[in-house]
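Required output: the full structure, derived from the provided sequences and hints.
2 protein chains.
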Amino acid sequence: MDKITVFSPATVANLSCGYDVLGMCLEHVGDEITIKKTAVKGIKISKMIGYDLSLDVHKNAAGASALALLKHINIDFGFEIEIVKKVHPGSGIGSSASSAAGSVFGINELLGRPFSKTELIKFAMEGERAACGTPIADNVSPAILGGFTLVKSTNPLKVLSLPTLKDLFVVILHPQIEIKTADSRDILPKEVPLTDAVKQWANVGSFVSALYEKDYDLFSESLNDIIVEPYRSKLIPYFNDVKQTSLDNGSLGCGISGSGPSIFSICKGELSATKVTEKITEFYSTTSIDFHIFITKVNTSGIKTITP
Amino acid sequence: MDKITVFSPATVANLSCGYDVLGMCLEHVGDEITIKKTAVKGIKISKMIGYDLSLDVHKNAAGASALALLKHINIDFGFEIEIVKKVHPGSGIGSSASSAAGSVFGINELLGRPFSKTELIKFAMEGERAACGTPIADNVSPAILGGFTLVKSTNPLKVLSLPTLKDLFVVILHPQIEIKTADSRDILPKEVPLTDAVKQWANVGSFVSALYEKDYDLFSESLNDIIVEPYRSKLIPYFNDVKQTSLDNGSLGCGISGSGPSIFSICKGELSATKVTEKITEFYSTTSIDFHIFITKVNTSGIKTITP
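Chains A and B, in that order, are what the protein sequence lines are. With the first letter of the first sequence counted as 1, position 278 gets the number 278 in our numbering; the numbers rise by one all the way through. With the first letter of the second sequence counted as 1, position 118 gets the number 118 in our numbering; the numbers rise by one all the way through.
Fair warning: there could be bad hints in the mix.
Which copy? The list can't say, so a pair holds if one copy fits it or any two copies do.
[Claimed, not checked] Computed cross-link-like contacts, SDA-like style, restricted to lysine to any residue with a CA-CA straight-line distance of at most 20 Å:
#1 K117 to S153
#2 K199 to T134
#3 K190 to P230
#4 K297 to E32
#5 K158 to N224
#6 K214 to S161
#7 K199 to P189
If you're looking for bench data, these hints aren't it; they were derived computationally from the structure.
Structural data, given as structure tokens:
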């Protein structure tokens, strides 16, 4: 096999209670990345369709992660990468992670899978470092593993795959504004009240238990963020209104996707997701801000090969 | 039934990563509490064997929790409580919780179980308030529910029962020193670094996952406390040496039980627990501090009726 095209999904990091730790993989949105073996050594990004991102392999997430992979294998050929970029950069649903994970997943397939998924996550983290300055793992992990993931530690890297509840639909609202990742990090306090931290880790523990117990009520009650959301929500116009609308109309939980500006809303069943989408659309249409909104599902399998 | 004797077990709160949230029930240590129906309304503590604690129902944990229960039921009789106190007050293994939980459990049995276990936890929390000033739930919850518990929230009260790993033995070292609960609370910072809090909630989430997955390695790696232990361990002589000795000799995890001074060490299998006990004993005998040490197991059923 000399050529492969993979679908590398968008993801939601943090999931309210689990800042920097929890992540969830999405089904219908993702980059399509084609990788060809080439006689020339190294990595080349030959095409980028959809968004105008750097083709420089050191700056592009897909390039940087692929370079990190190449450091760990001795081969006398290289790879050319074509990216059909579908995850909107800066939207907060793991755009750089999608590219970073996609290239290394595809290359690993072409090489006959010499690397474990944990190793692929490590390489993809280098793509994150190139794109946003920090080798974060909470988007690339669900992209590669699918479903819900928990980053236990980054050094050494240990990521857990958590069970998924059935019938979960996810509404993503993407207000068309730009939030710089740096700003969304800078707005956070360096220190947090111990009493708040206690509530947060009670929620993380409960969230994990809810997934194993298939307990939708507990899942819903655990999707609560008293640490990060109060700060970051200030950067997202009408966040509190959207959240209230979402919860009032039956959503299990609503929060900031990654560092925003996208807002996720998790619903049980398509009917519920449709209603929540309608109500959010109705509300957000009254504001002066352009937005995209769509319904997707939790993607339990993660990145996959499309062709061959 | 007019009389009942219950065994109300000792407990370990916090469990390293889960300050104020996680708890574990112990098997071989507990108060024996006898409750008799009396014609006289109200609660009377008629006897206290073992330790010289107040018989004042408003100050005694068993009395205060029983009074809290009585407020929620209309009866024209009362109860007399005899306590054979076996959990050393101030030892850090839930002494007040043992009494607080025991009385309300026993009374509920005599009344034909009008109250749920969650309601009993609420009443027992009032016993904790009487004994140590705060209505904490992380000891009374495992005492009443058994096994491992997670206090999701105290208002409204929601406590989760978590699965238990097989073959877990617990070594308890009780240095014969006194730490006032107030001191052990005061020594904690009001604010903690966000980066540390993130690590802590990653550990809590992983700990919960480890219990469901029956993953002893992950269980062990999650028993890690970077928030509270660095402060409280200063109040416990030779804590770091005991911990190192414990881990060097195969313990899965070692930490401060509740607010100390007891130190717990969780081992897989009795052989491992015996070895850890020997090594800790060997070490602590070289210090000038008196101590008790014993091996017990995780108690999966919690409080139980002994007679009738």
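For each hint, the structure was consulted:
no.	hint	result
1	K117 to S153	within (15 Å within a copy, 36 Å between copies)
2	K199 to T134	between (27 Å within a copy, 16 Å between copies)
3	K190 to P230	both (14 Å within a copy, 19 Å between copies)
4	K297 to E32	within (18 Å within a copy, 53 Å between copies)
5	K158 to N224	between (24 Å within a copy, 15 Å between copies)
6	K214 to S161	both (15 Å within a copy, 14 Å between copies)
7	K199 to P189	both (17 Å within a copy, 16 Å between copies)
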